[in-house]
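Participant: Following the hints, position chains B and C against chain A.
Chains as they are written, first to last, in the numbering used here: chain A, 1 to 301; chain B, 302 to 612; chain C, 613 to 1208.
Among these hints, one or two may not hold up.
[What the hints assert, rightly or not] Computed far set for chain C versus chain A, every beta-carbon distance over 12 angstroms:
#1 LEU741
#2 ARG1140
#3 ARG1145
#4 HIS1190
[Unchecked claim] Output of the computed footprint for chain A on chain B, the stretches with three or more beta carbons under 8 angstroms from beta carbons of chain A:
#5 446-453
#6 555-567
No wet-lab data here; the hints were simulated from the structure. Glycine residues also receive a C-beta, built at the ideal position from the N, C-alpha and C atoms.
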Amino acid sequence: MSAKANAASEPKKRSRLRFTRGLGQSPLLVRCAAVWLSLVVFVAFFAQWIMPYDPEATSLLARLEAPGTSTRTGAFHLLGTDHLGRDLFSRLLTAIQLTMAVAVFGTVFGAIVGSAIGFIAARFRGIVDDLIMVLVDFQASMPFVIIALSVIAVTGTGNLLLFVLLVGFQGWERYARITRGMTLAAVNHGYASALSLLGAGTLRVYLRHILPNIAAALIVQITINFPETVLLETSMSFLGVGIQPPNTSLGNLLSYGRDYLLNAWWIAAVPGFAIFFTTLAMSIIGDWLRDTLDPTTRSGA
Amino acid sequence: MMIRVITRRILRALLTLFLVVTFVFFVLRLTGDPVSAMMPDDTDPAIMDQMREDWGLNRPLAVQYADYWMGLAQGDFGNAYRDGRPALEVVSERIPATLTLTLTGFAFIVIVGFPLGILAAINRGTVIDRGIMTLSVTGFSLPNFFLGILLILLFSVQLRLLPAFGSDKWYNLLMPVFTLGTAGAAVIARFVRSSMLEVLSAPYIRAARARGVQERQIIWRIALPNAAIPTITVLGFMVGALISGSIVTESVFAWPGIGRLLIDSVTQRELAIVQTIVMLTAFSMVVANLTVDLLYLMIDPRQRYAATSGA
Amino acid sequence: MTGERVPLAIEGLTVYHHAVDAPVIENLALSVKPGEIRGLVGESGSGKSITCMAALGLLNDDWQISGQIALAGNRTLQAVAERRGFDAAMIFQDATSSLNPIQTIGQQLTETVARLRRLSRATARRVALDLLKRVDLPEPEARYDYYPFQLSGGQNQRVMIALALAGQPRILFADEPTTALDVTIQSQILELLKSIRDETGMGIVFVTHDLGVIEDICDTVSVMYSGRIVESGPVTDIIDRPAHPYTSGLISSMPTLAGQIPAGIAGQVPAPGQRPTGCAFAPRCSEARPDCRTEPPRLVAFSAGRDVACLNPLGGNHAAEQSRLDHRHCPNKSTRQEPIAEIKNAACDYRVGGGGVFRAVSNVSFDINDRESVAVIGESGSGKSTIGKLLLGLEAPAEGEILFSREPVPLLGTVLHRAYARFVQLVPQNPYLSLDPRATIGNQIREPLIIHRIGTQAEQLHKRDELLEAVGLGPEFADRYPHEISGGQCQRAVIARALCLQPQMLICDEATASLDVSVQARIIALLRELQERFQLSLVFITHDLRIIRSLCQKVAVMQKGELVEFGTAEQVLSTPSHPYTRALLAAVPEKKKELA
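Looking at chain A on its own, in the form it has when it is part of the complex (with noise of 0.2 angstroms):
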């Protein structure tokens, strides 16, 4: 047992080194996604004056060009034309603004809701923490998309905060569940009981002292959850029930592509791949955050 003890401990101090030190340690891999990431948010803030043309200005003379393409009226379209010869790396700036938009705000609100509940679940126990079980059990048990289906075959579609908010709930029992549990351990044989007992308040104990703990949990949940928004958008938007024009997300412009994949291929694959890109760099950042930040399931050499 006694080195056991001892090496129990040494990776603790070195996991918060290792985080301290930041990505600049880190794998390539892990930057590559960072690159594409910040890439990516980059465009999301200033895709205004960026992009080269309007994306919605047509030219009918200018259809489904390929990629690299100069037009006779002199244009030059980096990753092509669409169908309406809508140049697709302007709309494509466009539509990561928009899907970045929403799975950043989407992901706020449920973080914070769910977490709100969950420590409403700790906090109260007995019937206040049996009901909200139940609807976390309700919630993880139904696909989220039939209940945001059948939301949006009630309000119709083109409400855009609806949808956001919408799309922002998937995920919200995750966090009420993570946040409620940790709390509760917490509560019940740790720091947070010895607080109580030297008579700190509910508000100081959970504040100060729990929030900071569960943090890193929630912050890696988030990394899990952001993927899963960005999917649940873009192909709400991909079947039609989603984001609705004139505004375009990456899962407008990959339908629309998927009806010119015999002449036009390119037309979804940008989209698609822009999409995929973002989904998968975000799930290496978060894996590597989840065995930096949690000794416990640090896996390999």
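Facilitator: For chains B and C alone, kept in the frame of chain A given last:
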């Protein structure tokens, strides 16, 4: 005692169904007026009022709610708005296609996911492990609608090996099942791997080694059964993932199943059909969860003991 | 014939850890004769378990082993793995988690017997049942079909022993096999191991941190420090006349029933990568000479059958004698004989699954006088911790009442309890768990003052430094995080925090149970000192009867939720009236002559 536990699980399943029905009812009645949702905006208000009267929408909510339950009890899920056929009938026609797709998908997930996970765990830290884990991350980051399109591009457009659409030949299943199952198989592989690794570091593995049990025996006879138990839960989740996945997959491959019907009904606001599908999904999920619970009772002696001792 | 083979002979064993990039075990020699039980003792981090794992070839690729290991005369490193189970077996501290949770103990045992003795399943089953009988598992036929989780820790340890016996090994490694068990169960398991040794002539390496257990069961002992053996020889010799200052320190750290005040050893075991040149113990050694810090001592013969690795071994027995100075009684200061806390006919229930209640404590009455220390002792499930919870207001009594200063103790979560926090505080078992891992030690010690709005910031910081000084940490610890300091230092920080509000009573719930004896001794000394200085009443909840007399005037003995005996420490320990108290005392692992 065992019976009591099973009864309790079934009661919990019924509670979920109750919640679904209540949810559907309130979403339909509270988030919007079905009449104005369904009719064109310029419809004569008098006609709309008449319809509300006909459908009993002016009555107190509690009465409507009770009525709604009565209807469901008699198998009345409402009629399709377009052709007036019972929604249940419209949906039922689509069940076989979706069932074929999802069951094959489930088999795909298990057959691909489990061996990959085990392989990665026992080769932990090697090229094999890293390769499988990279594949896994790629697998569940790849949007299934995009994967479907890539498959069509490759096998139908470029190689001309498989038709992009159709559902009557066995090979029509190949691309949809791959599209549907990849993410799930990736998740299962990952979970099996970490579950195996956790078990392999347990004290009882060390103790088994200490009394000279062969490494192969340790992996297959001790570690795997222990690691497999928690994966039952994840397999239960997979049912939900398959249902959501089938919506996209069916749309990409024009598969005549429930998923495509759902999307069509949402865009055409066929509320009766949507609610039928929601309830059917809920029912499948409840059955899946119940199966998971019962499997646990069968396989895990700790749960069985907890159940029989009445705790 | 088997008796002639030496069960275990290790020579020049060096175990190197790749990640630490330093040897964890260095040039270790260890041998066990047939029928010998050799104790392996030392603080956490001294390398006891690693030695056993290395001997069995259980270390993975992170480790590199060199040297010679011979199990039952088979002398190659490679062969070790193949001989596991036949020549050598091992039992562990946590028996329950060392058994496959989803297979019955009968199946596990039968499979092992069939494999190791090459028997058919039917025969193996009979042998397995015989083994279960041999290890005194009650009702072996019925228990054959039990899963590990259905058995108690002690019963599972018996199953582990049966599994170890399946291959009729010549050597058994026992890694703290009784540490997690209650003392009465511990003494039964020790007796069982002795009788098996007598019957089979098997050699045993018994790893423990408890010198009392060593005295009880071992013939010889090797003392390990920082990856080396610093002293070895016959147990009685070494306990009576330790030659190495470290051994002497360990011995003087042991609390005894007789009331020896444990001295403890300052400092902590250096981590493998940070061992000093010269003697690894020199920085903590009071006898160290300048050359101790430059030259690593080798293990050399000291007297007949004894080896020691020390340049300046303790010649006579002065150290041992000094440590045995008999402080038979706790300073019998003039306690005002008025109760500060009263437990009156208290009962306490816990809700259990399925709507039932479990009565953890029933009809318990005793008083705690002002500035007095009371030990509450008992085995697991005796309800001793519940007494602490009642006194802290964490649980409400189902019957009877709990009074503090003649007022009922308020329940946690009520407004009154906030004020009560200034009178009664807790020192829990695991200091790491009771500190917020993401806040500095200094801020956590100061926090009670912030909560209760006491003093200005400057006053609070002053108080913080004062407390750090009082618990022997010093202000430089204020900016550290819990994971950066040792368990003993952590416990000091927890005590400082508990004292921050100047309470009148401290409840110590197994406050030293998770610490090494050397550290435990110093925490006990600290508590004694603080009690004097801050005029505290102490309630010391413990399973270890040996620490009572050095700390407490009164003893309350709990069994299955009831108070079976209450009296002065002198009374209860010398002339116990209840049979259960006598059984507890008899089970305390110590040289039996002290009891006589």
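Participant: Each hint: holds or not?
Facilitator: Hint check:
The beta carbon of LEU741(C) sits about 32 angstroms from the closest Cβ of chain A, which is more than 12 angstroms, so the claim that it is off the interface holds. Once the 12 angstroms rule is applied to beta carbons, ARG1140(C) is consistent with being away from chain A; the minimum gap is 23 angstroms. Once the 12 angstroms rule is applied to beta carbons, ARG1145(C) is consistent with being away from chain A; the minimum gap is 21 angstroms. For HIS1190(C), the requirement that its beta carbon stay farther than 12 angstroms from each beta carbon of chain A is met, with the minimum near 32 angstroms.
Requiring three or more residues with a Cβ within less than 8 angstroms of a Cβ of chain A, the coverage given for the segment 446-453 of chain B holds, as 5 such residues are present. For the segment 555-567 of chain B, the proposed coverage by chain A is satisfied: 4 residues have a C-beta within less than 8 angstroms of a C-beta in that chain, meeting the threshold of three.
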